[in-house]
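Participant: Letter by letter, the sequence shown follows residues -12 to 190 of our numbering.
These are computed hints drawn from the structure, not numbers from a lab. All residues carry an ideal CB built from backbone N, CA and C; glycine is no exception. Don't take every hint at face value.
As the list claims (entries may be wrong) - FRET-style restraints, in silico, Cβ to Cβ:
| no. | residue 1 | residue 2 | range |
| --- | --- | --- | --- |
| 1 | ASN23 | VAL176 | 44 to 52 Å |
| 2 | LEU140 | PHE89 | 15 to 23 Å |
| 3 | ASP97 | GLU57 | 17 to 25 Å |
| 4 | GLU77 | ARG154 | 23 to 31 Å |
| 5 | GLU8 | PRO141 | 20 to 28 Å |
| 6 | GLY86 | MET145 | 17 to 25 Å |
| 7 | GLU77 | ARG173 | 31 to 39 Å |
Stated by the list, open to error - Below 27 Å or equal to it, Euclidean Cα-Cα: the simulated BS3-like pairs (lysine-lysine) are:
| no. | residue 1 | residue 2 |
| --- | --- | --- |
| 8 | LYS(-9) | LYS33 |
| 9 | LYS67 | LYS35 |
| 10 | LYS75 | LYS33 |
| 11 | LYS(-9) | LYS178 |
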Amino acid sequence: MLIKCIPVGNMEANCYVVTDEETLRCAIIDPGDESNVILDYIEDTKLKPEAVFLTHGHFDHTGAADVVAEETGAPIWINKADTVPKGKLEMYRFQAPAGTLFYCDGDTVDIGGLHFRVMETPGHSRGSVTLRCEDALFTGDTLFQGSCGRTDLPGGDMDMLMLSLRRLGELPGDFEIWPGHMDPSRMSVEKTVNQYLRYAMGL
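The task is simple: from the sequences and hints, build the whole structure.
Facilitator: Take a look at the structure:
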């Protein structure tokens, strides 16, 4: 599995291109802006996009989703709780175009030999999800290096976020954390230094 991080937009949201190196099939996670940069990487590396995964509906993670999906032919996946019908303007929920696919907790989407398992992790937004693939967790704005997502935006809920953090922290084994902003980390490190995660887990 090859993970390419492309920070995009004024808020430097992390877009990830996750590739099965044997088949060159890939998933694009959270294309929030700068579709040209994302598409140039796809073209330069001759990848075959099969899905656009959205961890939640906020504009800084979804702003280029329509263009990237249209240009690559890859369908958009998102939790339905973070969507509104196309044409209804909202900053914090995604205007889902026709053909959008909706995933729920426990679903698995296969990209080549990679298996992305969906975990609903609400709190930053109602429809936030974490995508688990091998030893990697793509946590969106749920869990950051040393911090967690804000809950003061529409759909935010601190109690739900604490439950989501606890769920992530209780996963067996150690995982790489690939967050929606800032640098990656490891779960073992976050259990030691992240006070939000530690509080949620009762450590």
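Participant: Taking each numbered hint in turn, which are not upheld by the structure, reported in ascending numerical order?
Facilitator: 1, 5, 6 and 10
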